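Visitor: One letter stands for each residue in the lines below.
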Amino acid sequence: MKHRAFFWFILPTLAAMTLFIALPIVSVFVQSLYVQHEQVLVISENCGPFGCKQSTSVDIAATEKLREEAPLGQFNGFGTYSNRSHLAFAEVGAAWATSDTIDAFWDEVVNLPFYGALTFTLTYTAAVTPLVLLLGLAIAIGVNSLPSILKGPSIFVSLLPFLVTPLVGSLILFWMVDSDGVIGAIIQLIFDDPNLSLKASAALTWTMLILYGVWHTLPFSFIVFYAGLQTVPLETLEAAQVDGATKWQRTIYVVVPHLVPLISFVTLMLLMDNFRVFEPIVSFSAEAHARSLSWIIFNDLRESGNPLYGSAGATSMLTILGVVFLLTPVLIRTWRDFKGAGR
Amino acid sequence: MFLKKLVIAGAALCLMKSAAFAADCGPSGQSIRILASDFPAIHAVAGTAEENCSAGASEFTRNHTTEARQIMNAALTPNPSEYTSVIVANSTLTQLMNDGLVRPLNDLVEKHGSHLPKNLMITIDGNIMAVAFMANSQHLFSRKDVLAKAGVNEIPGTYNEMITAAKAIREAGIMEHPIVMNMKTGWNVGESFNLVFLAHGGEFFKAGTAEPSVNSAAGVAALNTLRELVEYAHPDHLTQASNETQAIWEAGEAALGIMWGSRGAPILDDEGSSAEVTSNTVLSSAPSVEPGGIPGATLWWDGFTISKNVSDAEAEATFAALASALNSDMVAAHNDEAVWLLDGFKPGAAAAGVSATAQGGAAPYPMLPQIGLLHNALGSELSDFLKGEESAEKALADVEAAYVTAAKEAGFLQ
Numbered sequence: 000m001k002h003r004a005f006f007w008f009i010l011p012t013l014a015a016m017t018l019f020i021a022l023p024i025v026s027v028f029v030q031s032l033y034v035q036h037e038q039v040l041v042i043s044e045n046c047g048p049f050g051c052k053q054s055t056s057v058d059i060a061a062t063e064k065l066r067e068e069a070p071l072g073q074f075n076g077f078g079t080y081s082n083r084s085h086l087a088f089a090e091v092g093a094a095w096a097t098s099d100t101i102d103a104f105w106d107e108v109v110n111l112p113f114y115g116a117l118t119f120t121l122t123y124t125a126a127v128t129p130l131v132l133l134l135g136l137a138i139a140i141g142v143n144s145l146p147s148i149l150k151g152p153s154i155f156v157s158l159l160p161f162l163v164t165p166l167v168g169s170l171i172l173f174w175m176v177d178s179d180g181v182i183g184a185i186i187q188l189i190f191d192d193p194n195l196s197l198k199a200s201a202a203l204t205w206t207m208l209i210l211y212g213v214w215h216t217l218p219f220s221f222i223v224f225y226a227g228l229q230t231v232p233l234e235t236l237e238a239a240q241v242d243g244a245t246k247w248q249r250t251i252y253v254v255v256p257h258l259v260p261l262i263s264f265v266t267l268m269l270l271m272d273n274f275r276v277f278e279p280i281v282s283f284s285a286e287a288h289a290r291s292l293s294w295i296i297f298n299d300l301r302e303s304g305n306p307l308y309g310s311a312g313a314t315s316m317l318t319i320l321g322v323v324f325l326l327t328p329v330l331i332r333t334w335r336d337f338k339g340a341g342r
Numbered sequence: 000m001f002l003k004k005l006v007i008a009g010a011a012l013c014l015m016k017s018a019a020f021a022a023d024c025g026p027s028g029q030s031i032r033i034l035a036s037d038f039p040a041i042h043a044v045a046g047t048a049e050e051n052c053s054a055g056a057s058e059f060t061r062n063h064t065t066e067a068r069q070i071m072n073a074a075l076t077p078n079p080s081e082y083t084s085v086i087v088a089n090s091t092l093t094q095l096m097n098d099g100l101v102r103p104l105n106d107l108v109e110k111h112g113s114h115l116p117k118n119l120m121i122t123i124d125g126n127i128m129a130v131a132f133m134a135n136s137q138h139l140f141s142r143k144d145v146l147a148k149a150g151v152n153e154i155p156g157t158y159n160e161m162i163t164a165a166k167a168i169r170e171a172g173i174m175e176h177p178i179v180m181n182m183k184t185g186w187n188v189g190e191s192f193n194l195v196f197l198a199h200g201g202e203f204f205k206a207g208t209a210e211p212s213v214n215s216a217a218g219v220a221a222l223n224t225l226r227e228l229v230e231y232a233h234p235d236h237l238t239q240a241s242n243e244t245q246a247i248w249e250a251g252e253a254a255l256g257i258m259w260g261s262r263g264a265p266i267l268d269d270e271g272s273s274a275e276v277t278s279n280t281v282l283s284s285a286p287s288v289e290p291g292g293i294p295g296a297t298l299w300w301d302g303f304t305i306s307k308n309v310s311d312a313e314a315e316a317t318f319a320a321l322a323s324a325l326n327s328d329m330v331a332a333h334n335d336e337a338v339w340l341l342d343g344f345k346p347g348a349a350a351a352g353v354s355a356t357a358q359g360g361a362a363p364y365p366m367l368p369q370i371g372l373l374h375n376a377l378g379s380e381l382s383d384f385l386k387g388e389e390s391a392e393k394a395l396a397d398v399e400a401a402y403v404t405a406a407k408e409a410g411f412l413q
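As you go down the protein sequences, you meet chains A and B in turn. Numbering-wise (numbering that gives the first Met the number 0), the first sequence opens with residue 0 and increments by one. Numbering-wise (numbering that gives the first Met the number 0), the second sequence opens with residue 0 and increments by one.
Rather than coming from a laboratory, the hints here were simulated on the basis of the structure. Predicted model only: the values in this text are computed from it and were never measured. Be aware that one or more of the hints could be misleading.
Some but not every residue of chain B turned toward chain A, in silico, with C-beta under 7 Å [what the hints assert, rightly or not]:
| id | residue |
| --- | --- |
| 1 | A131 |
| 2 | L298 |
| 3 | A405 |
| 4 | F411 |
Residues from chain B that keep clear of chain A, each with C-beta distances beyond 12 Å, as calculated [to be verified]:
| id | residue |
| --- | --- |
| 5 | S27 |
| 6 | K110 |
| 7 | A206 |
| 8 | N214 |
| 9 | E227 |
Don't be surprised by glycine CBs; every beta carbon is placed ideally from N, CA and C.
Bound conformation, chain B alone (with noise of 0.2 Å):
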């Protein structure tokens, strides 16, 4: 019996060396040190990369942590930087692009990326700043059972089917607050007025400028939308991002939810909540403004980057790590974590949401490199009108007032 045991153990042993071998991991003998927030599918692509390519390391480092996108800048700005790579999403490679922080990665991709989808190459002006592997977006969840209940017999499309929903909901006496959002003041109530804005054909910027064009008519309309929405939320809405909302949606007292794709899985799963509520949780599209509009949702990828300021060849050791765990036995080990933009994903019940609204052609989160100081500007902005104490033309002077006096500072504007 144990030496049954130790046979088995053996190959098992045999087997994962051949596999570690099988992996190409550039040169040998390089330290890999990776900066990347702290999620499950985050932690599948580094924890892959760790497996496969750690023996011939000098030294393997994974720092997963919310803060990642806080500290990302001051630990790659020395040379040698903190990181030899930083797991990021549209947003924060424009805030390492802005410093100069990350190289490019075209002679990399050559040498060890071939098997990658040339889709999933994050190009800028021609060189690849990035490799992208999986996609996430806000959508629509909704309660199948309380909308029956209520009468309605079809999934919302648009936002002013999800707002006569809500309402039927609450003249049945189901629920008073049947909406959900990710409204809470800062980033989240800056991200959702992004959505409407853009589902109402808004453009952040006047083209090619840093100057701001939010206070139009797609923003006036964005907002008015946006408040029709949260008089059917909980009026503690202003303090709600993403754990509460899951919170709520889990424990049943909401049947109509605009949250992020990621919180598909963990949702459905049954984990933190009642049969009652994941077995009628209805995964899809975004809403739109008209009928087979563009959805309201702003698509995400997270891929990953090499730091400027660290010797080629730990680049190319990080790079070949990081590439080789981007494959379909990645993909299907963890196949309901994440949305992967990679061969062999199948997507399930999880998935649904989020390529319904990328196949009903929603914007890409911008990539430009103020955008953040307007998503700033709008998080602490916004909040005034959606409280009720300002007219929806005067939040959004406020906006672009904010903005201009931050991005004169930065450099944007002068």
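So that you can see chain A by itself, here it is in the shape it has in the complex (with noise of 0.2 Å):
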């Protein structure tokens, strides 16, 4: 294609993305960088149907002034970014120094904020994405060597748990969990221990939300190498048959390789789709035990009645760093094959 002609092609798609992509990011940026005004407190009687009492208030006319003066806040450079509720350098400088083993001080930097999150946005991310990718190519390939009756009904049950909404599969799930539920009874039944509670220990929070993922992802990376897998050429299956392949190894060597740029794309939807887990915690109920980075955005946004703007965009512009980090692996070597294919 000339440049020319490719310019104006990719234009309304670059367009797009400038606006919709690009332009937010650097606007959650720029808010990264400013804290409020000082608020302006003033002390007066307060009065209302349980008696009076002196309380603090804003003052409003000197807060406005001082807003309409410098609209974006204070600037506070990455202030936000170093605070406790986000990378907490001091904090955990402090805690290297005090503590005397690993273990304690590795118990501190997980009681900040963002270090538990991350711990746990990280856990869930290692352990759904592999599983999903092993599994959903399992499937895909059982299901391809299903007769052909029997396909059309298995692909549509196989997909059905994407089929619910995240938010509703994940309440399900957790009044199934429940000590009266079905799931959470017969567990206790089976361990013989009234007591034993899903939602009562982080262990097992952690684990059913890892099963949950997989359960919910699952369809995305099945439908995805079954199709792969309508495009594997018979010659070449043909080939190995002749030349002495078991099934097993003409899986390993034929249908695997052809289908490794599908897997790249898969490992790198997954990898951004289980980095930004959220939904199955607020249906789970499980802030207790596990919460992921954004889980806090949300809570910085919306729990305290005062949205904190530039706590929610630090942890937005690390979650995207954190997101970066993890794809390059995978975008090198997309970028490698596609030079290979190139040559």
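Put the two chains together into one complex, using the hints given.
Guide: Here it is in structure tokens:
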């Protein structure tokens, strides 16, 4: 394609991406560098049905004046990034200085909101991604070798978890694992412990969230691999068969290499998806045991009645950095494949 | 027969019309738009206002949503704003006032609110910012039959009595987890701490400043009381909020509960539970630390505000419509749906707990601009202590550190 033609071809996409992806990220970044103005507090008498009390309130006129002078707030540079809610350099340093063992140091660090959430987010990503890749491939190969009359129904059934809205799916599972629910009650029966609760233990909550994540995203990798399997060249398979390769050898040496570009693609998508895990934490009410980076953003924006835009912006930027960091190896691999194919 | 029906219908119509004419609705032809949360008492007030005054208004809309708190600041910021009134509570009024989105009502009260009791005016520095109409608070729910079976003959009045009673019930083999409380991580667990903290005489901030003071003797004592209580609560308590605790209570699986007064009426009614539970449920004051001490509860009011960014005529019409709903007829029609602060309210069984708690001298939920940030910090940092992974002092130090970080960003601390 000529450069000129290519430019006009790509222009609408480029414009949309700038408008809807690049500019919002820049805006979030800029906001993360600012904190709100000093709130001018005044002491006044405050009366209601339960009596009168001296208390503080915000002096609207004075605060408004500050806001008009500088609508973005006070410039704070990277102060928000380094505070206790984010990278917490001072706190981590203090923990290093005061703790005697690595264990004690680690306890202190994961007690900080950002590192605690990062630990869960990374564990979740590291557990769900490979499981979904392997199981998705296995199911796709299994369904592909079914007689054609069974293929349609089994594809439909395998896709079902994907059709359920995440919030609803996890809420249903949450009720099932309740100690009065069917799964919770059965587990109590099996272990003969009426006090066993999936929701009260951090390890079991993490396991539950990871299993839910696998259940919910499996159909995505399954359907992509299943589509890929339809393009495996029959001649190569037959040639391998003639050479005496077993079914297992054919899968490992013919089918999987053929699917490698798809595996890279699915890995990319899964890493991005899993790194921003959020809905199951809310619907499982798992905040006591598991918090993710996205949950911190949600909490900053929603729960205090006074949205902390700077803090949420900083966590967003750190999340983006985390995704980029995770994706780099896969992207490098894809780039090499692309260069290899061009040669 | 047909004629008779017609006459009755006509008469009824006339009556309704005369009622509408009787209400003072302020300037006519205005647009009235109300944002409110979604429970029966709020529907009663806003609905009565609509019946009284929608005929004279060009538009009368009500948006009842549990998300009211989340959207109200954004909805009231533009000029003209999306709503002419928001129905708020203690904590949500400060959220609107922090951004200067509601107007003082002194002149409107003079013009259209002469029938309203003076103590319902939420007055800040002489400016009336809201008009309250109902009260709510947490208090104790007890099952007198279960207590009697365990040999406890009096309804517990203090936390220690409550814990002793729970122990007796467990040891009698009646229930393993007799206590229910709203302990869900987040707002609820923060609020549960507030109750016990206030009962222990705690102060949230150093007087006149936004410096936190929860990491104090009262804070540690409150956390220890809380842990003794949840020792007798279901292991899932960190996931339970009002809907869950009400369901556990109605299923007859708990005998001592600290729940919202507004759950009293739904628990005592004949829906969702057995007669054994409803007939034996007693509502009483929230427990205190010492006999006769401050009840461990926060008093709440619900009331209406008028937006700043609307025309004066719309503001007046909205105020008049809502004020017209606050009368003894509305209270009589909806007596058991709330603890009304209005004339004509006859406290029933469902209101006993809130009344006793208020009379015992419980503190109102603090109306401070920075309380939301502290409440959020409590909600997210206390679960480590309740899981038994942290000492009380460490948990409270974490709360203060999290609050200070947020308060610096919000401009309350420098």
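Visitor: Hint by hint, say whether it matches the structure.
Guide: Hints, one by one, checked against the model:
1. Hint status for A131/B: holds, given a least beta-carbon distance of 5 Å to chain A, under 7 Å.
2. Restraint check, L298/B versus chain A: the minimum CB separation of about 5 Å is within 7 Å; hint holds.
3. Of the supplied interface hints, the one on A405/B holds, with its beta-carbon coming within about 6 Å of a beta-carbon of chain A, less than 7 Å.
4. The closest approach between the C-beta of F411/B and any C-beta of chain A is roughly 5 Å, which is under the 7 Å cut-off, so the hint is satisfied.
5. In this structure S27/B is separated from chain A by more than 12 Å, as the shortest Cβ-Cβ distance comes to about 32 Å.
6. Residue placement check: K110/B keeps its beta carbon more than 12 Å from all beta carbons of chain A (closest about 21 Å).
7. Look at A206/B: its CB is around 8 Å from the nearest CB on chain A, not clear of 12 Å, so calling it non-interface is violated.
8. Distance check for N214/B against chain A: the nearest CB is about 15 Å away, which clears 12 Å, and the non-interface claim stands.
9. Every beta carbon of chain A lies more than 12 Å from that of E227/B, the smallest distance being close to 17 Å; the non-interface claim holds.
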